[in-house]
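Engineer: Which chain is which? The protein sequence lines are A and B, in order.
According to my numbering, the residues represented by the first sequence are 2 to 470, in order.
According to my numbering, the residues represented by the second sequence are 2 to 470, in order.
Everything labelled a hint here was simulated from the structure, so no lab data went into it.
Hints may contain errors.
Across the chosen pairs, the derived CB separations fall in these ranges [stated by the list, open to error]: (1) B:238 - A:396: 50 to 58 Å; (2) B:238 - A:20: 35 to 43 Å; (3) A:50 - B:12: 51 to 59 Å; (4) B:238 - A:143: 28 to 36 Å; (5) A:12 - B:246: 45 to 53 Å.
All values derive from a computational prediction rather than experimental measurement.
C-beta: ideal position from N, C-alpha, C; glycine also.
There are 2 protein chains.
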Amino acid sequence: MKIADLNTDFPQWYQDVVQQAGLAENGPVRGTMIIKPYGYAIWEVMQRELDARIKATGAQNAYFPLFIPQSFINREKEHVEGFSPELAVVTYAGGAKLAEPLVIRPTSETIINDSFSRWIKSYRDLPVLINQWANIVRWELRPRLFLRTTEFLWQEGHTAHATKAEADAKTRQMLRVYIDFIEEFLAIPLVAGEKTTGERFAGATQTFSIEAMMHDGKALQMGTSHNLGQNFAKVFQTQYLDEKNKQQYVWQTSWGVSTRMIGGLVMAHGDLKGLVLPPAVAPIQAVIVPIKTDPQVDAAAKKLNQDLKKQGIRVKLDDRDSVSAGFKFNDWELKGVPVRIELGPKDLAEKKCVLVRRDTGEKHNFLLTGAVKEVKAMLADMQTTLLAKRRTELTERTVAVHNYDNLKVAVANGFAAGAWCGAANDEAKLKEEAKATIRAIPFDQPEKIGACVICGQAGRHQVVFGRAY
Amino acid sequence: MKIADLNTDFPQWYQDVVQQAGLAENGPVRGTMIIKPYGYAIWEVMQRELDARIKATGAQNAYFPLFIPQSFINREKEHVEGFSPELAVVTYAGGAKLAEPLVIRPTSETIINDSFSRWIKSYRDLPVLINQWANIVRWELRPRLFLRTTEFLWQEGHTAHATKAEADAKTRQMLRVYIDFIEEFLAIPLVAGEKTTGERFAGATQTFSIEAMMHDGKALQMGTSHNLGQNFAKVFQTQYLDEKNKQQYVWQTSWGVSTRMIGGLVMAHGDLKGLVLPPAVAPIQAVIVPIKTDPQVDAAAKKLNQDLKKQGIRVKLDDRDSVSAGFKFNDWELKGVPVRIELGPKDLAEKKCVLVRRDTGEKHNFLLTGAVKEVKAMLADMQTTLLAKRRTELTERTVAVHNYDNLKVAVANGFAAGAWCGAANDEAKLKEEAKATIRAIPFDQPEKIGACVICGQAGRHQVVFGRAY
Chain A
2 MKIADLNTDF
12 PQWYQDVVQQ
22 AGLAENGPVR
32 GTMIIKPYGY
42 AIWEVMQREL
52 DARIKATGAQ
62 NAYFPLFIPQ
72 SFINREKEHV
82 EGFSPELAVV
92 TYAGGAKLAE
102 PLVIRPTSET
112 IINDSFSRWI
122 KSYRDLPVLI
132 NQWANIVRWE
142 LRPRLFLRTT
152 EFLWQEGHTA
162 HATKAEADAK
172 TRQMLRVYID
182 FIEEFLAIPL
192 VAGEKTTGER
202 FAGATQTFSI
212 EAMMHDGKAL
222 QMGTSHNLGQ
232 NFAKVFQTQY
242 LDEKNKQQYV
252 WQTSWGVSTR
262 MIGGLVMAHG
272 DLKGLVLPPA
282 VAPIQAVIVP
292 IKTDPQVDAA
302 AKKLNQDLKK
312 QGIRVKLDDR
322 DSVSAGFKFN
332 DWELKGVPVR
342 IELGPKDLAE
352 KKCVLVRRDT
362 GEKHNFLLTG
372 AVKEVKAMLA
382 DMQTTLLAKR
392 RTELTERTVA
402 VHNYDNLKVA
412 VANGFAAGAW
422 CGAANDEAKL
432 KEEAKATIRA
442 IPFDQPEKIG
452 ACVICGQAGR
462 HQVVFGRAY
Chain B
2 MKIADLNTDF
12 PQWYQDVVQQ
22 AGLAENGPVR
32 GTMIIKPYGY
42 AIWEVMQREL
52 DARIKATGAQ
62 NAYFPLFIPQ
72 SFINREKEHV
82 EGFSPELAVV
92 TYAGGAKLAE
102 PLVIRPTSET
112 IINDSFSRWI
122 KSYRDLPVLI
132 NQWANIVRWE
142 LRPRLFLRTT
152 EFLWQEGHTA
162 HATKAEADAK
172 TRQMLRVYID
182 FIEEFLAIPL
192 VAGEKTTGER
202 FAGATQTFSI
212 EAMMHDGKAL
222 QMGTSHNLGQ
232 NFAKVFQTQY
242 LDEKNKQQYV
252 WQTSWGVSTR
262 MIGGLVMAHG
272 DLKGLVLPPA
282 VAPIQAVIVP
292 IKTDPQVDAA
302 AKKLNQDLKK
312 QGIRVKLDDR
322 DSVSAGFKFN
332 DWELKGVPVR
342 IELGPKDLAE
352 KKCVLVRRDT
362 GEKHNFLLTG
372 AVKEVKAMLA
382 DMQTTLLAKR
392 RTELTERTVA
402 VHNYDNLKVA
412 VANGFAAGAW
422 CGAANDEAKL
432 KEEAKATIRA
442 IPFDQPEKIG
452 ACVICGQAGR
462 HQVVFGRAY
């Protein structure tokens, strides 16, 4: 089992790592994905952390149906136009043809508004803050494990507020929750900002996005937070009686991140040997590999395993006797386990063990008595170092551009920062000629914006350009 | 908002409690269900506990696709016959008619065997122990919230073993996991045993079931564990090379429990005032209700709230000023919160608070300094008491019967225990004439079995009869 070269064939490297590290494989129906135990374990660690962060904002989890009546989707004009090509439709059920076809949820704004319109009566019922963990179906013609799959897992938050200002603030707050989670937990720095009109969610008034840079310099959209204004409220009659007894439409937001983040994790941190997992999100943070089968080594390995567990470290003792120590080293490196602890008779004679750090490959000898402390310190340092490295790369590979030629060169290798006049046809031209798009309009804008790097007309926004997954 | 009388109109009482306690409501598509935040919070507490218990058996979580090719379902003869009437089928997707219709998973034996047949090569790969938390669709003609819904949430375990003995043991082990979880956590005692051939899972060689008694004496199947033998292995060619280098089919099991357990929780413990939640599974274990808005009361309530939280008790301070204390009492009683803590200026003057226990209605005065300890003790006692009460009822309402007339009388009010000859037409007769079925053939069988209570022929098994949801 060999993986392709990260630097010469990144797409093949990605496929190899996802499959050989046991993260996922293709399902029998084209575009579907089987998330294997190791990949699902990463998702569970992510879920646990993000769920707590979402609940800390006051949101409560709930569950809405998979099946949405076709008529619901059709109500919001932009929504139906945006999602129609991606829908999967149930036409037969219980042995008979259905009177109304059922759409499998591509997102849940419509079915949730149907409930909200019954749940919300008065200003006293607001805000309503709901989150749902669910599977989603969007028919995918060019599927790619984790990045684009016909079915994926995600969380989708849906909120309703009495005022526009509250909805505006919530849209930004949830984007901030995602940024903190992805930077602190996944060690991936982000470019955050608003999407252009062309890239906006179907039915939103504003879409905020977070974009990460992958190893090949391409952008991956890691999550979005949408300001829905009153678009869905008006078609679903989601109204409340205000303090003056007047009917008002609610203001809404929705926001989500998905199993796509696992793809981002692979492509942001991976190296020639395979996956590199930041300790916070690693299902196995440290693996103990006995170098030789030996009663004393076994006993020491078991004790260390217990000691690390007691300290809350997710540790695994690899005591398989069917494969060699060398095979195990490669296997756990491929799987991205942050710290490897080697334990052999020679080390043990000196009451020592060897710690090997996954991101740097550094090897150190430590006394067994201090091993737990050293592992903890190594995990903490690796988490910080990974984020810092990725941040440096993001800065270095984001080039300020002032003309079209430089823009085209820059996006071939990373991101470009430059001025844009706001015209959709410039966006289209860039996409056609350089396969790049405007990834985000950052929140912090300079006082003076230069000429549009595409057409030379007066710039309206400073934006970040990039090729994207 | 009033709920129907539990004793005179139990079905309406159930509907009222599920809706008014905020557990669930009907979705727009007939048979689908919206699990509201309070209902979903119960599911989350259950999931967390059961997931840990399942992982402790060595199983790992994974995720398999929602879409199953129609041809997969068709491969196992009994499986397709059993599930055909319940399938929902996708025929259009991505704007085009599909070449092969896709079935929405009614259970995942087939799609998981497709993976297992690739994952398993050698005896070294066994056992494979997989669990999945997922949504399931079975078209339901007589839907009832939580009990029978077209879409529901569940976990399904799927295992593959080298020997029949291992699969037999796993089937029983997982049933035991369910029994312990449901008795210890949900405080519901169970009748456990094997299902008759007629009630077996479509494709299994043996189905074990756990049956709980509801308030009205009817049975609710709370979970099942299936011994699949080699049925699916043979149609999916799930084979391994044994130690002598010979191809062998694996032996398999599958087992699951679902959101149906929430319905069981409601119907087993509920009373005239609504829901009664065993403390272990209650999302809110104690609620603090200040009797009057008063700065000193507020401060004491906040402090108590903090103190209880620190002790790991799931507590809520109900400081709404839009409703009266009396309204709050009713509301939290309806929602089944185990302990209510009332705090008023008079109590506070004596440095006291009032604790009210949900299941018994007992009221006690306690010094505030000892309140945390008292709440803890009350929660622990309530958990034990509820299980003991339900166990007494189960025993009292399970009547030993020796003839058909007594059987018919017994199942009108509860369970009946008696002999059965093993004939399917006796089962059919009982179903037709008394709306009752054989719920289980208990594992412990008496040495001598009397005459069949239905036909009078020689009995083969001692069984438990009951009407069922």
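Engineer: Hint by hint, note whether the structure agrees.
Structural biologist: Checked hints:
1. B:238 - A:396: 50 to 58 Å: 53 Å, holds
2. B:238 - A:20: 35 to 43 Å: Given a distance of about 21 Å, which is not inside 35 to 43 Å, the answer is violated.
3. A:50 - B:12: 51 to 59 Å: 42 Å Cβ-Cβ, so the 51 to 59 Å window is violated.
4. B:238 - A:143: 28 to 36 Å: Taking Cβ atoms as reference, residue 238 of chain B and residue 143 of chain A lie about 31 Å apart, which means the hint holds.
5. A:12 - B:246: 45 to 53 Å: 38 Å, violated
Hint compliance for this structure: hints 2, 3 and 5 are not met, and every other hint is.
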